[in-house]
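Protein chains: 2
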Amino acid sequence: MSEMTRVALDAMGGDYAPKEIVKGAVDAVNARKDIQVILTGREDLIRQELKAYSYPEDQIEIVHASEVIETAEPPVTAIRRKKDSSLVRAMNLVKNGEADAFVSAGSSGAILVGGQVLIGRIKGVERAPLAPLIPTAKGVSLLIDCGANVDARSSHLVQFAKIGSLYMEHVMGVKNPKVGIVNIGAEEEKGNALVKETFPLLKSCEDIHFVGSVEAREIPAGKVDVVVCEAFVGNVILKLYEGVGATLIKEVKRGMMTSLRSKIGALLVKPALKETLKAFDSSEYGGAPMLGLNGLVVKAHGSSTAKEIKTSILQCVQFKQQDIGEKIRKGI
Amino acid sequence: MSEMTRVALDAMGGDYAPKEIVKGAVDAVNARKDIQVILTGREDLIRQELKAYSYPEDQIEIVHASEVIETAEPPVTAIRRKKDSSLVRAMNLVKNGEADAFVSAGSSGAILVGGQVLIGRIKGVERAPLAPLIPTAKGVSLLIDCGANVDARSSHLVQFAKIGSLYMEHVMGVKNPKVGIVNIGAEEEKGNALVKETFPLLKSCEDIHFVGSVEAREIPAGKVDVVVCEAFVGNVILKLYEGVGATLIKEVKRGMMTSLRSKIGALLVKPALKETLKAFDSSEYGGAPMLGLNGLVVKAHGSSTAKEIKTSILQCVQFKQQDIGEKIRKGI
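Chains as they are written, first to last, in my numbering: chain A, 1 to 332; chain B, 1001 to 1332.
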């Protein structure tokens, strides 16, 4: 049997915590024997939830934590003061080597700050990027960086390109992943100061398969596997992706309800439409990994249900088995 | 009768030039009596096209130009060398006061450079932004700036906010338009260096209705009327808007063709779907105005057909009649 992957799961973080989080843990251990989930949070509440399920009991453990970090709290203060919170307890398990990965649907700010402050960066990594998978016409691409640290330098972007390539190759199984830098035109001389400075560095980087600029309109078509950009732009891309998709789908659905004819048609296309939209729903792909840390941190959506939590836990296995941390250490 | 609006139209610019451009001019003058279109380009070709239509002949004029600027040419050199091109001739008509506005579906780079170099900025305007209308669930918003000049300063963004407000209020008829700055979170302390510096300036600006940060996901929902950002981010938003929309629609259509059931449904929803998608097609709203110049410049899509050209010409009327140039001069 392959090695165990130990995942510290913040049972109290997220809109549907602890119910959906605990269910996600149960579903994950029922799916694979090589996962151990350590739930952190109010032990009484967690035990209450666990009662409803049957699962291999040696694969789920509870570490009690009395506090919860709310999404509205300033992250730095929250991390510092709430030592007995489910989030800090879980992160410390990774820090102390008692867990390989951390998963939470809680406060994004606290996860990003905690990742840097509590777990810490791999030596040599200048910045730990948040890198969600985004759906495309060809499958998924990795959007790196969407984190909280804006105003990046070119050396950061080069590291993001390398780290992103390693992740796509070894976790997602994309051979020789294509890397592109987000730009406002295809030509090398186009771009803002940061992109112009970064472009030649990426071009001369032998460890990655750099294909040049990628215009925003080419991202959904799946032109590249690793989409490199600084966090402000990455955040805009990620949020607009969700926004345009959601608005368009709502309008399409509303449009179909305007006549009897189209209402009947809507009933007939519904199953096919649902299938298509599922492929474009980012929660299908689990949470966003924060890379370059001494352990994997996965930030799941605040609205995560059991399914996304389960997917997020399962993606930790590949990360551990492929020893991505070590590959990043050597690769950057 | 109200005053004439004189539009210099680059008959040779665009994928479907001169055919669709000339047709657009004819449709525009057939729609309104207070428009005069001056077509620039190869006179023989233009006359050939015009032969097919009936229209009030005193409303269309031709100014011969023997050259054409191709989209692949470096803009600055092209503008300088091709003095007898349809684009330079048309811009010079605006510069010399013989036309109020310029419309072209030709080289974006040449239009942006020509606007600055040939027509020139209104005194006091630091940068002339390109500001397309983008479709939202509530109608349209103005995305300002999407031009070629990246790495903006905060004073530029404040001017964009003022100019955008004037355009939305007086050309689009939105009373007291809501202005937002593109940001990665709702709080004032969020953002990159540029946004943090600009935020308080916008907040203390009395001429506009500033509502704070707008996250990218809120743009398609129509949260604000004027979306302020620097050109790199604006370009990403504009292109991603088109990209996500196009990919999603393609996938939805493909999804509907997967079974007999959904194929029948697709036939029934088609008319309603078409109507909805039309509302989300940016070419419905004409070209993108480049604002802050001594005359209006409208950059239509390269793929413009007669319809977009006509819409672009008609939007010049409102601009002229409302004397937007003078309002910008006083407002900034």
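Worth flagging that the hints you see were computed from the coordinates, not collected in a lab.
We put the beta carbon where it would ideally sit given N, CA and C, even for glycine.
Careful: at least some of the hints might be erroneous.
Said to hold, decoys possible - Taking beta-carbon pairs under 10 Å as the criterion, some of the chain B residues facing chain A (in silico):
{"#": "1", "residue": "G1109"}
{"#": "2", "residue": "A1193"}
{"#": "3", "residue": "L1194"}
{"#": "4", "residue": "L1201"}
{"#": "5", "residue": "C1205"}
{"#": "6", "residue": "E1206"}
{"#": "7", "residue": "E1215"}
{"#": "8", "residue": "G1222"}
{"#": "9", "residue": "A1231"}
{"#": "10", "residue": "S1262"}
{"#": "11", "residue": "A1266"}
Original post:
Does A1231 (chain B) pass the interface hint, meaning its C-beta sits closer than 10 Å to a C-beta of chain A?
Top reply: Status holds, d = 7 Å.
Subject >> Hinted contact E1215 (chain B) with chain A - closest CB pair below 10 Å >> reply: holds, 5 Å
**OP:** Answer holds if the nearest beta-carbon of chain A is closer than 10 Å to that of L1194 (chain B); otherwise answer violated.
**Re:** Interface hint status for L1194 (chain B): holds (9 Å vs cutoff 10 Å).
Original post:
Can we keep the S1262 (chain B) interface hint, with Cβ of chain A closer than 10 Å?
Top reply: For S1262 (chain B), the interface hint holds, since the closest Cβ of chain A sits about 4 Å away, which is under 10 Å.
**OP:** Against chain A, run the beta carbon of A1266 (chain B) and see if the smallest gap drops under 10 Å.
**Re:** holds, 6 Å
Original post:
Holds or violated: is there a CB of chain A closer than 10 Å to the CB of G1109 (chain B)?
Top reply: holds, 9 Å
**OP:** Double-check A1193 (chain B) for me: the hint is only fine if its C-beta lies closer than 10 Å to a C-beta in chain A.
**Re:** holds, 5 Å
**OP:** Verify the interface restraint on G1222 (chain B): the C-beta must sit less than 10 Å from at least one C-beta of chain A.
**Re:** Holds: closest Cβ of chain A sits about 8 Å from G1222 (chain B), inside 10 Å.
Original post:
If you take the shortest Cβ to Cβ gap from E1206 (chain B) to chain A, is it below 10 Å?
Top reply: violated, 28 Å
Original post:
For the hint on C1205 (chain B), does the least C-beta distance to chain A fall short of 10 Å?
Top reply: violated, 22 Å
Original post:
Should the hint that L1201 (chain B) touches chain A count as held when the rule is a Cβ pair under 10 Å?
Top reply: violated, 18 Å
The structure is inconsistent with the numbered hints 4, 5, 6, although it conforms to all the rest.
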